[in-house]
Amino acid sequence: MKLYELSAAQITRGIHEGKFSASEVFLSCLARAEVLEPQISAMLTITEESGMAQAKAVDEAVASGKKLPPLAGVPFVVKDNMCTKGIPTTCASKMLMQWKPPYNATVIELLAEAGAVLMGKTNLDEFAMGGTTEHSVYGATSNPWKLDCVPGGSSGGSAASVSAGYVPFSLGSDTGGSIRQPAAFCGIYGFKPTYGLVSRRGLAAFASSLDQIGPFARTVEDLALVLNAISQKDELDSTCSCRPRPDYTKALNAESLKGRRVGVIKEIQEYAIDPEVRKAFDQTLKFCERQGAEIVEITLPTMVEYGLPCYYILALAEASSNLARFDGVRYGLSTDAESLLDLYTKTRAQGFGLEVKRRILVGTYVLSSGYYDAYYLVAQKARQLIKQEFVKAFGSVDTILLPTAPSPAFKKGELINDPIQMYMADIFTLPVNLAGLPALSLNAGFSADGRPLGVQFIGQWWDEEGLLSTASLHEKTFGCAPIAQGGVR
Amino acid sequence: MADLTFKPVIGLEIHVQLATKSKLFCSCSTDYIGVAPNTNVCPACLGLPGSLPALNAKAVEYGVKAALALNCTINTATRFHRKNYFYADLPKAYQISQYDLPIAEKGYVDVSTEEGGSYRIGITRLHLEEDAGKLVHEASDGRLVGADQSFVDYNRGGIPLAEIVSEPDIRSAAEAKEYVTRLRQLVRYLGVSDGDMEKGSLRVDANISVKCSDGRWGNRAEIKNLNSLRALERALEYEIKRQSQLLAEGEEITQETRHWDDVEGVTRATRSKEEAHDYRYFPEPDLPPLILPEGYVEKVRNTLPELPWQKMERFMSSYELNETDAMILSEHMALADFYEACVEAGASPLRASNWVRTEVLRVMNEQKIDITEFPVDAAALAQLIAKVDDNKISTTAAREVFDTMAAKKVSLEEAMKICGVEEGGISGSDLEKMIRNILENNTDVVETIKSGQDKKGKKQKFLQGLIMKEARGQTDPREAASLLAKLLEE
Ligand SMILES: [Zn+2]
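Sequence order for the protein chains is A and B.
Start counting the first sequence at 1; every next residue gets the next number (the working numbering).
Start counting the second sequence at 1001; every next residue gets the next number (the working numbering).
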């Protein structure tokens, strides 16, 4: 077994036992990435030097007999919308091409404390807006399982790099499914935690009330380890909860699903779902039943009918405001201009891509006076109703099973000029963000032509343990997520 | 036409900079005076990607404190909104402010009139918001017009402000000035702001319209950024005249924002209606609702000091001070405290009032110091006053001693020693000995008196003066006079 194929847990254990060094692991991962990058293009920056220095520091700690932190020597990559001090943070936008933040995102600090080694920054849809990782100023990322397909988005680079074995885990951000959908398309685990579990400080905001950072991994244990590391309260993020966090690795010892109620949404019949995705979903449901779970039908009519428009109004309203700071005055792109207004318009016209502009315009429109009541206010009300519906649903179930996306990964270019169709791909993921719930996407098989099929479990608020427990049982039966060969054998 | 009269209707919006040590949403210092530009900044107040606001609890406390003093209702569940607009001094391109749910509303403040009465001005709301940065324009002549370059200093960006919005209850420029004076006194008194208009800690926007006696209403104009009481008064006077004249001529008044030109003494339109902003307010998603914990408001209320106007009332009723004196003494908390400490140490209230208003204020003026740095403490002054009251030393001697205490920063005993003033003064046999001595040295005068030529008593008064001079005020004049009369008859 190659070092890059190891899980995070195996890496730290191996380093601790002296089987190999953190530097060897880092070089192995780096080599893997170097071989596959020409085909996949998942990375925007590779932090070879600083990563190597971090790995060596771990080796020195081992040599001096120091106690190792839980992720010591584990290489990881993060979506390039999280601030890394002195390392480019581009958001895959022309707007921030040259920008190096003067501070680290809280999650980056926490992972450094946990001993993990940053190997680089990954590609994404510009400012996390998109579902394919094609809306990047640096070009599209390929799906490691099928190079002519998209890896999903917007955290496509983070998903692809874990799927292709560059690193055992990575971080993405999920505003409407941006972790779970690419996890499904790339055949790995993707975890969107409860809103407020993980600090958003240092994450370039798309929609503040929906964004949440979470991990990608190929084993459930790694998900738990990373969650342990990043789910700390943060006084600098007022929306980050103060509640105590459990040790998530304790949730991995479930024997069965006895006593657990798994919900199936009645209205799911109304959706056009790809037959192979449908099959994967049914099989997962059967698995749950076999494990002793009780299957309960629930109904979420508001979510089904209004989830998508409600999401796109609220997310884009917040986005239009969050992205207003990119004005050419202080950092990033700044054009030559005759006046202040000229500076704003030229900088923003040149700096933002089409999809981002489209979303800013919609967001500005729905917030403007005269339309606010008709759009934003109504969407806020719809969001409350959707939350209440979930509260009610969770009265009779412990978790909800849904396909992660209506279809497996689609071909590159297929939806790039069809935004509505692309937005539809988020139909099963975005209600989770509206309600702030946790959800975990896992691989439930492959299509006949080799594309991964994903399903997601949605949990109650703060029940990440229940999700990890269910996923670990699934992993025991079907195995962990396999590494994609990325067109290279 | 000639009998038309015009009534101005004025409402003020006052931005008060709260005296917190750190900014409203981050821990950067608020101490920006004389600091190099853009040094008190961090990712949060610069609005860098990924940065988030974290509310400063002290700013909330100060806001609530000021609001309680203004008799406002405190809203214990409020939230923040984003006010979106583009400008270089606004790092995030939105300002975090309170919109539909201010932290306080529906208060009032009573303002005294020149005629001695008082009138009540309603407070619509008090809300919290962050300040913007500061633009510095550089042209060859240093003026904004024709500036080649502009720079932004974000040191002030994010400093906490309380915006206090009045009802349109103000009826004249003088009333407006009185109201602002009162508010400034209040925020200083409470220690929630230094209230310094010159430094920009207190900034005033005025809304003004005029109503004609024939029932016509003029549109409202807003005059922005009046940065002194004088500017406020002059601008309002000008605007009342301008709007009344237009109405008298049957003209329409444009609803607009105007700017006060202090040099020319006129207001000018700055922004036309076509450019009116759509701020696209919406609830700030980076901050949870602000829920004040139970008992919070009461806790803050308990920290409220006696307010200046309450203090003034009390000084008048318990110390029998007249209105003017009570007002002077209650204007500043530290001065009032000094006065009361003096009374508590045993000085009679009226006597203490006289001393503080005349002598203490005079020395403060001469030495250019604050009452808190005053070299004579209240207890020492009370002791001195008691000596005068007990006829132990004369007022003249006491003044000399006081001046010495203040100038040389010495104790009462030392000052008396320096001035050669003795407690108890010169009396009895000492006084008799002194008078005899004076009479011996002025035999000619004594002769004149004794021969009955001092009909108007002028010569005797002269002798009395010599005695007082020799005694350096340390004797009871009545005792001296009777003793002198007795000795002259010998
Ligand atoms: Zn700051």
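Fair warning: there could be bad hints in the mix.
List of simulated lysine-lysine pairs, DSS-like, C-alpha gap at most 27 angstroms [as the list claims (entries may be wrong)]:
#, chain 1, residue 1, chain 2, residue 2
1, B, K1224, B, K1083
2, B, K1106, B, K1241
3, B, K1368, A, K346
4, A, K346, A, K94
5, A, K266, A, K286
6, B, K1417, B, K1455
7, A, K100, B, K1458
8, B, K1417, B, K1392
9, B, K1461, B, K1450
10, B, K1433, B, K1408
11, A, K346, B, K1469
12, B, K1224, A, K357
13, A, K357, A, K346
14, B, K1469, B, K1458
15, A, K233, B, K1058
16, B, K1433, A, K233
17, B, K1083, A, K381
18, A, K233, A, K67
19, B, K1299, B, K1021
20, A, K85, A, K100
21, B, K1134, B, K1199
Quick caveat, the hints were computed from the structure, so don't treat them as lab data.
These numbers were taken from a predicted model, which means no experiment stands behind them.
Exercise for review: For the pair supplied as a hint, B:K1106 and B:K1241, confirm whether the alpha-carbon distance does not exceed 27 angstroms.
Suggested key: At roughly 31 angstroms apart (the allowed maximum being 27 angstroms), B:K1241 and B:K1106 break the hint.
**Study point:** B:K1134 paired with B:K1199 [C-alpha distance capped at 27 angstroms]
**Key:** This hinted pair holds, its Cα atoms lying about 13 angstroms apart.
Practice item. Could you grab the alpha-carbon distance between B:K1461 and B:K1450 and see if it respects the 27 angstroms cut-off? Key: Distance of about 14 angstroms is within 27 angstroms: holds.
Point to revise | Satisfaction of hint between B:K1392 and B:K1417, Cα-Cα up to 27 angstroms | key: holds, 15 angstroms
Check your understanding: When you check the alpha-carbon spacing of B:K1417 and B:K1455, does it fall within 27 angstroms?
Key -> violated, 41 angstroms
Point to revise | Pair hint B:K1368 and A:K346, alpha-carbon separation not exceeding 27 angstroms | key: violated, 55 angstroms
Check your understanding: Does B:K1433 pair with A:K233 here, judged by a C-alpha cut-off of 27 angstroms?
Key -> Violated, because 88 angstroms separates the two Cα atoms, which is more than 27 angstroms.
Review point. Has the given pair, B:K1224 with B:K1083, been kept, meaning a C-alpha gap of at most 27 angstroms?
Key: holds, 18 angstroms
Practice item. With a cut-off of 27 angstroms on the C-alpha distance, tell me whether A:K346 and B:K1469 pass. Key: violated, 87 angstroms
Exercise for review: Below or equal to 27 angstroms on CA atoms is what counts here, so check B:K1299 against B:K1021.
Suggested key: Holds. B:K1299 to B:K1021 sits at ~21 angstroms (cutoff 27 angstroms).
Review point. When you check the alpha-carbon spacing of A:K100 and B:K1458, does it fall within 27 angstroms?
Key: The given pair, whose Cα atoms are some 95 angstroms apart, is violated under the 27 angstroms limit.
Review point. Within 27 angstroms, alpha carbon to alpha carbon, are B:K1083 and A:K381?
Key: This hinted pair holds, its Cα atoms lying about 21 angstroms apart.
Of the numbered hints stated above, those contradicted by the structure are hints 2, 3, 6, 7, 10, 11, 12, 16, listed in ascending order.
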